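Peer 1: Residue strings, one per chain:
There are 6 protein chains.
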Amino acid sequence: MEMYIEKAKVLVEALPYIKEFYGKTVVIKYGGSAMVDEMIKETVIQDIILMKLVGINPVIVHGGGPDINKILKQMDKKSEFVNGLRVTDQETMEIVEMVLAGKVNKSIVSHIQNQGINAVGISGKDGATLQAEKKLVNGMDVGFVGEVVNVNTELISTLIQKDFIPVIAPIGIDKEGNSYNINADYAAVAVAGALKAQKLVFLTDVEGVLKDVSDSSSIISRLSIKDVDEYIKNGIISGGMIPKVECCVEGVKKGVKTVHILDGRVEHCLLLEIFTQKGVGTMIEE
Amino acid sequence: MEMYIEKAKVLVEALPYIKEFYGKTVVIKYGGSAMVDEMIKETVIQDIILMKLVGINPVIVHGGGPDINKILKQMDKKSEFVNGLRVTDQETMEIVEMVLAGKVNKSIVSHIQNQGINAVGISGKDGATLQAEKKLVNGMDVGFVGEVVNVNTELISTLIQKDFIPVIAPIGIDKEGNSYNINADYAAVAVAGALKAQKLVFLTDVEGVLKDVSDSSSIISRLSIKDVDEYIKNGIISGGMIPKVECCVEGVKKGVKTVHILDGRVEHCLLLEIFTQKGVGTMIEE
Amino acid sequence: MEMYIEKAKVLVEALPYIKEFYGKTVVIKYGGSAMVDEMIKETVIQDIILMKLVGINPVIVHGGGPDINKILKQMDKKSEFVNGLRVTDQETMEIVEMVLAGKVNKSIVSHIQNQGINAVGISGKDGATLQAEKKLVNGMDVGFVGEVVNVNTELISTLIQKDFIPVIAPIGIDKEGNSYNINADYAAVAVAGALKAQKLVFLTDVEGVLKDVSDSSSIISRLSIKDVDEYIKNGIISGGMIPKVECCVEGVKKGVKTVHILDGRVEHCLLLEIFTQKGVGTMIEE
Amino acid sequence: MEMYIEKAKVLVEALPYIKEFYGKTVVIKYGGSAMVDEMIKETVIQDIILMKLVGINPVIVHGGGPDINKILKQMDKKSEFVNGLRVTDQETMEIVEMVLAGKVNKSIVSHIQNQGINAVGISGKDGATLQAEKKLVNGMDVGFVGEVVNVNTELISTLIQKDFIPVIAPIGIDKEGNSYNINADYAAVAVAGALKAQKLVFLTDVEGVLKDVSDSSSIISRLSIKDVDEYIKNGIISGGMIPKVECCVEGVKKGVKTVHILDGRVEHCLLLEIFTQKGVGTMIEE
Amino acid sequence: MEMYIEKAKVLVEALPYIKEFYGKTVVIKYGGSAMVDEMIKETVIQDIILMKLVGINPVIVHGGGPDINKILKQMDKKSEFVNGLRVTDQETMEIVEMVLAGKVNKSIVSHIQNQGINAVGISGKDGATLQAEKKLVNGMDVGFVGEVVNVNTELISTLIQKDFIPVIAPIGIDKEGNSYNINADYAAVAVAGALKAQKLVFLTDVEGVLKDVSDSSSIISRLSIKDVDEYIKNGIISGGMIPKVECCVEGVKKGVKTVHILDGRVEHCLLLEIFTQKGVGTMIEE
Amino acid sequence: MEMYIEKAKVLVEALPYIKEFYGKTVVIKYGGSAMVDEMIKETVIQDIILMKLVGINPVIVHGGGPDINKILKQMDKKSEFVNGLRVTDQETMEIVEMVLAGKVNKSIVSHIQNQGINAVGISGKDGATLQAEKKLVNGMDVGFVGEVVNVNTELISTLIQKDFIPVIAPIGIDKEGNSYNINADYAAVAVAGALKAQKLVFLTDVEGVLKDVSDSSSIISRLSIKDVDEYIKNGIISGGMIPKVECCVEGVKKGVKTVHILDGRVEHCLLLEIFTQKGVGTMIEE
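Residue numbers (the working numbering), protein chains in the order written: chain E, 505 to 790; chain G, 505 to 790; chain S, 505 to 790; chain A, 505 to 790; chain W, 505 to 790; chain R, 505 to 790.
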């Protein structure tokens with residue numbers, strides 16, 4: 505009985521957080537290990553369902569790199585390169601879309617439906633949700649790589665309102681109906697900004713922003729967008745962390761309250777972030 | 505970190521229960537020790553708020569014996585007795601109403617509001633919610649003691665719909681506008697039946713229905729209403745437990761899915777009952 | 505037959521007034537003789553019900569001095585005094601709340617329900633309607649005497665919309681859930697201001713503002729808030745009338761169209777004010 | 505002051521009637537003297553507006569005999585006769601429609617709008633409200649004389665819901681779009697029946713049904729539809745009163761609660777009927 | 505089969521126009537030959553019904569000159585003249601109203617209902633839709649000739665929303681309830697402006713604005729309101745075309761997107777204008 | 505000009521059909537040549553958009569055989585066979601789902617969005633729309649081949665209501681979250697039945713049901729479900745046409761008004777069927 509009372513107390517500890525985020529929208533960029541490790545995957549889905557049930561509106565934007573590469577390879581599709589950059593030609597784009605919208609996306613939907621909660625998987629083409637344009641990479645045309653120029657939130661909002669969890673594959677559509685491959689991080693920022701989300705959470709394979717990369721205890725818990733430039737200049741934020749942090753800054757600028765870099769390798773990292781006083785990862789805010 | 509992950513797991517364990525009771529109405533008869541002991545009181549309120557936040561609609565019906573007696577005594581109000589029964593004369597009734605609707609009721613509202621959740625305290629007179637008639641006790645007219653003849657759920661439903669937690673003092677009103685003192689257990693049954701509640705929970709000062717009154721481990725976890733007569737006949741259910749169990753049976757007959765006799769002296773007994781597999785107390789069902 | 509036709513003509517005379525106030529909110533501060541004299545009480549209730557039925561939304565804020573004093577005395581509660589001011593200690597506050605919210609409030613509800621119209625009695629604690637803070641009286645802390653710092657109109661508006669007449673006891677609540685005794689006049693002003701009421705009516709025991717206090721025919725029918733200072737300076741408004749008139753001025757400043765000091769000792773004074781060309785009492789406006 | 509208090513009392517006397525008819529629909533067949541005498545006309549309009557303002561939904565169906573005859577004469581339109589029956593040929597029908605829908609109907613609308621209340625004049629053709637077929641008179645085809653075969657209440661209900669008073673000219677339309685002259689009494693019965701009206705009131709030029717036609721004090725206040733045959737057989741109901749009473753009976757059979765034959769020559773007869781205990785005219789009920 | 509495929513292609517050609525005008529309001533001033541010639545009349549009604557069915561909201565404002573003159577003559581009503589201007593005295597006004605609201609208006613309603621689509625004929629008096637004042641003509645009081653000072657769109661909007669096609673007779677009402685004859689062109693402009701219509705279409709008896717009046721091929725397809733003064737000065741727009749074009753300019757100024765002068769003598773001219781690339785008549789825009 | 509008037513007449517000819525199907529749901533099983541030939545594809549999309557714009561609610565269920573085979577081949581996926589039946593193993597199922605939901609489905613969405621109309625592509629897993637179970641083929645377990653046991657119309661209805669065109673890939677989901685390949689014809693029947701559609705249209709590569717297979721002029725235009733057995737017995741319906749017709753019969757039995765076998769190779773065959781009197785293909789009805 506004692507054990508159960510302890511459990512009840514844990515539930516009660518979550519109360520203030522549940523109150524705080526009730527009715528708010530949380531966009532989750534789902535990718536990396538959290539999408540590969542079956543056990544972590546299960547806990548991520550559980551976390552998202554719990555969020556939904558206690559009144560939060562989760563919206564999932566996913567990537568899908570490993571699956572794309574696997575299928576491209578299986579289909580013996582060779583990549584062209586221009587000045588060292590891989591080109592997304594028409595055929596590659598079709599495969600990318602097929603994998604993201606038909607395989608990765610529907611797999612997430614299955615996992616959620618499996619728990620008895622309704623999810624709807626869409627790509628950014630459905631309802632012209634992610635309106636895109638070709639994006640030059642380092643000034644180069646590398647094919648059907650796009651950036652979001654407008655988010656039409658009508659479909660997402662309809663799904664949220666009717667209590668479906670939206671699961672979004674980062675495929676954009678232009679005015680001619682062409683498909684574009686969108687970087688999933690950017691897609692998540694665009695969606696979170698358009699929805700004026702309370703939180704945007706990146707599930708990554710790092711602990712967060714570290715002061716000393718070799719010391720995981722040196723994590724920076726909160727980061728103001730004003731400090732980011734400074735940190736980049738003095739090299740604290742460096743390498744692959746730079747575009748990730750810049751994504752976070754853009755999210756805040758577009759109206760997201762807080763953006764989080766979480767360690768997706770930690771079980772229940774979403775719940776830890778949202779429902780406990782244990783800050784995990786790095787939070788970027790105004 | 506491990507500790508926090510354990511906590512997250514506890515939250516996740518509650519998932520199937522949250523899903524099961526989402527959007528359902530749970531009527532809580534609040535009385536006894538759970539209303540006297542300050543610490544227990546606090547946990548009861550926390551439990552109710554958690555229920556509200558995860559999408560359950562709690563409705564509270566409260567008693568108030570100790571406060572009534574205290575104030576009657578303070579006001580030097582002597583009771584009349586007829587054939588050994590205490591008579592609720594006009595003056596007593598006014599005091600009873602004043603204490604229940606003005607003191608006990610508002611105190612519960614304070615505790616809930618104090619947590620940032622909206623509660624509204626009403627008596628059964630407001631919106632003619634508890635329509636009552638005089639009730640003879642053992643064939644005797646003992647004054648303004650009434651029984652509920654109809655529940656007008658309009659006000660309660662409005663409050664639920666607008667996300668206020670209704671807190672109901674068991675005062676009835678008749679067609680001439682007279683006030684009646686209603687037994688809080690019966691009031692709770694009437695309200696739960698009229699709302700077709702999922703659960704009706706009695707917070708009591710006993711462990712539940714015991715097979716052997718001297719052995720608290722002999723608790724009967726589930727009781728079908730068909731078995732109750734049998735149990736009364738062979739003396740397993742006896743004494744003060746008889747009217748309590750009969751109340752439960754009436755609740756089930758009026759359309760409440762399950763009625764529970766919980767031990768209000770156990771911390772978080774409401775959460776234990778609703779969100780864990782640990783059955784506490786006795787559940788009466790069809 | 506002639507008599508009946510005359511009666512019909514009276515109804516028709518009310519037409520322009522009914523049209524003017526259709527769908528408007530009228531806050532009635534109910535107190536004084538109008539609450540004590542049984543006959544007058546009956547006519548006040550009738551007037552309020554008629555207002556409701558012809559499409560006006562009445563909201564009642566009541567006082568309760570005589571009952572409070574009576575019960576305090578009955579309970580043998582002695583008052584402390586600090587610098588000559590009566591102190592509302594915790595115990596007194598509990599009694600005040602009990603009497604206002606449990607006795608006076610519910611008695612008004614009974615009278616209205618008795619006419620077949622739905623009323624709901626609330627205190628300012630319900631739904632955190634009257635959010636209060638401690639108020640110093642002449643710079644002195646005299647206990648749980650409060651002033652309204654915010655009115656949360658959500659509950660009142662819900663009740664109005666669902667056609668319940670709200671009856672409000674002037675008890676405030678602070679962020680810690682403490683109860684405060686609020687002056688009923690001020691509570692009425694706060695409520696009327698927050699609702700942007702069309703009218704705020706004080707039922708008092710005087711004819712209105714008189715130019716010559718000894719001559720009841722010297723009543724001032726209309727008073728602009730600009731003139732009030734002048735009238736106070738030159739002594740036309742004096743004594744106990746000053747705070748009452750200042751209340752009225754504050755009501756107008758908070759957005760109430762017109763504030764009225766009516767003679768609650770006159771039968772049907774509410775109807776006379778609202779439905780006939782016979783101005784009764786004094787009207788304060790911008 | 506006394507006088508005003510008396511007036512307030514008259515308003516209060518109307519309370520139970522206002523409560524009884526709140527939200528109910530009352531269909532008024534407007535014709536005869538009440539439509540000709542300017543003074544009576546004014547009081548009828550006032551009565552209807554008062555009904556509207558206290559929450560009743562009045563619906564007006566009007567006749568227009570005198571105007572039709574006047575215009576026919578002015579236009580020098582000679583009537584054909586077949587076996588002694590006047591024939592409504594195409595040209596006559598056009599004039600009848602023009603006068604009813606363009607003159608009488610709009611004149612009533614003007615009078616109501618003039619009081620600041622919104623009215624909308626329609627004919628039975630608008631929104632295919634009165635769907636009609638040719639009616640043989642004594643087995644004879646007398647042209648565009650029709651009977652209602654169906655009432656499409658959609659337009660009337662829309663107008664009521666949006667707080668417009670519907671004013672209906674008794675013109676029917678058949679499936680080919682032809683116009684038909686409908687007897688206004690029958691049109692009123694059809695409309696009241698389709699709306700399941702609370703009351704259907706005929707404003708006539710008689711006191712009601714009299715036991716002795718020469719003695720206006722012999723009025724029959726209430727008449728059950730079961731008694732009507734008897735009364736016709738024994739000659740108490742005779743002559744022109746027979747079709748009128750049969751109309752009333754049909755109304756009751758179609759679901760109207762009570763049907764009234766009122767003396768439209770009496771000022772405010774509508775208010776007298778609805779808001780006072782003075783029964784005027786004859787009421788026919790189940 | 506080929507023929508049917510061609511027909512399907514014609515439907516498909518209309519697609520972009522249907523999309524463009526979906527949900528938009530189009531006000532049609534219906535008058536001239538299009539209202540006299542039975543065959544054209546039929547096609548105008550068909551065009552309006554098609555517009556309705558593909559999601560456009562047509563609103564009809566009609567004139568009625570020929571019918572008015574015919575009835576005035578039939579009724580032997582002589583016109584007074586003051587300084588050469590015909591005076592609309594009370595009696596004439598009544599006839600005008602009767603003809604417009606009771607004959608012309610209801611005839612259009614019949615034609616539409618006949619196609620199974622719901623129409624509601626109103627005059628500007630219904631719901632106080634066209635609020636008018638007396639208008640002096642060349643400084644002269646010529647009786648009940650009015651101009652619109654305000655359009656109350658409540659009734660029209662209600663009808664549109666409930667899928668009735670509004671058909672409006674150009675009769676205005678002033679604050680005293682007097683009727684006024686309103687020029688139908690001006691009434692149409694007032695209605696279209698108040699509704700912020702997408703299009704206002706005048707069905708006229710001319711091809712449109714011609715550069716050379718004697719050459720119907722010299723039609724001006726588009727005219728900016730800035731060019732109108734110039735065209736009037738240099739005589740290209742002259743005579744009766746001047747007030748018509750000025751009406752159009754006023755429409756644009758009041759917020760109508762485009763105003764059209766169409767040749768109502770051409771079959772299906774409405775459809776040609778709206779659903780094909782064949783511009784017919786002259787379009788006036790900002 | 506003459507040509508345009510002819511075009512307008514074609515539009516007008518469609519009027520009665522537009523009226524008949526306004527607000528009705530039409531399910532289109534899209535497959536075969538109509539999905540392969542680019543030109544036909546374009547006209548099918550145009551037809552569907554026109555249907556949408558004139559107020560019909562189209563719902564698309566598509567197949568995707570050729571694409572599936574192409575990708576399976578490209579991915580070098582060999583099929584297992586059991587007793588001569590191809591087995592849909594886990595890996596094949598994943599590819600099938602990926603192609604149907606990620607390639608074919610999104611391609612249709614692109615084509616519709618390209619016309620400026622909102623479409624949303626879902627699979628039967630989204631919102632648990634197509635709830636399925638394993639289906640034995642000739643008593644054999646051939647892997648993830650399923651049949652629909654329930655259609656949850658909530659998502660489809662939400663999309664229709666918000667004016668998105670639903671495009672459905674025939675993938676089912678069972679209670680464990682497994683995916684199943686559903687025959688597209690059966691999926692269309694299940695969806696149409698659950699929606700109580702007005703029409704279910706199969707776009708096929710045959711003219712319809714022919715009396716003499718070698719004579720395309722021998723087409724049977726209407727077929728009652730009562731006659732089907734007879735026709736199968738006497739060999740008129742034979743071979744591959746039998747399951748197709750049985751599908752149609754099941755659709756009618758499930759509540760679809762009419763089911764159509766259309767020749768998808770004919771341009772605009774959908775418009776021809778719906779908007780012209782030219783019946784194309786075979787219609788099966790009760």
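FYI, nobody ran anything at the bench for these hints, they're computed from the structure.
As the structure is a prediction and not an experimental result, all values here were calculated from the model.
Wrong hints could be hidden among the right ones.
Put simply, identical chains are the same to the list, so a pair is met inside one copy or across any two.
[Claimed, not checked] EDC-like, lysine to aspartate or glutamate: derived pairs with alpha carbons at most 16 angstroms apart:
(1) K528 with D593
(2) K523 with D667
(3) K757 with D733
(4) K513 with E546
(5) K730 with E754
(6) K758 with E789
(7) K574 with E598
(8) K638 with D593
Peer 1: Could you run down the list of hints and mark each one as holding or not?
Peer 2: Status of each hint after checking the structure:
1. K528 with D593: Neither: 39 angstroms inside a copy, 42 angstroms across copies.
2. K523 with D667: Classified as between; 13 angstroms across copies, 19 angstroms inside a copy.
3. K757 with D733: For K757 and D733, the Cα distance is within 16 angstroms only inside one copy (14 angstroms; across copies 50 angstroms).
4. K513 with E546: between (24 angstroms within a copy, 12 angstroms between copies)
5. K730 with E754: within (12 angstroms within a copy, 45 angstroms between copies)
6. K758 with E789: Intra 11 angstroms, inter 38 angstroms, cutoff 16 angstroms: intra-copy only.
7. K574 with E598: Both ways: K574 and E598 sit 15 angstroms apart in one copy and 13 angstroms across, limit 16 angstroms.
8. K638 with D593: within (12 angstroms within a copy, 38 angstroms between copies)
The earlier numbered hint that this structure contradicts is number 1, and it is the only one.
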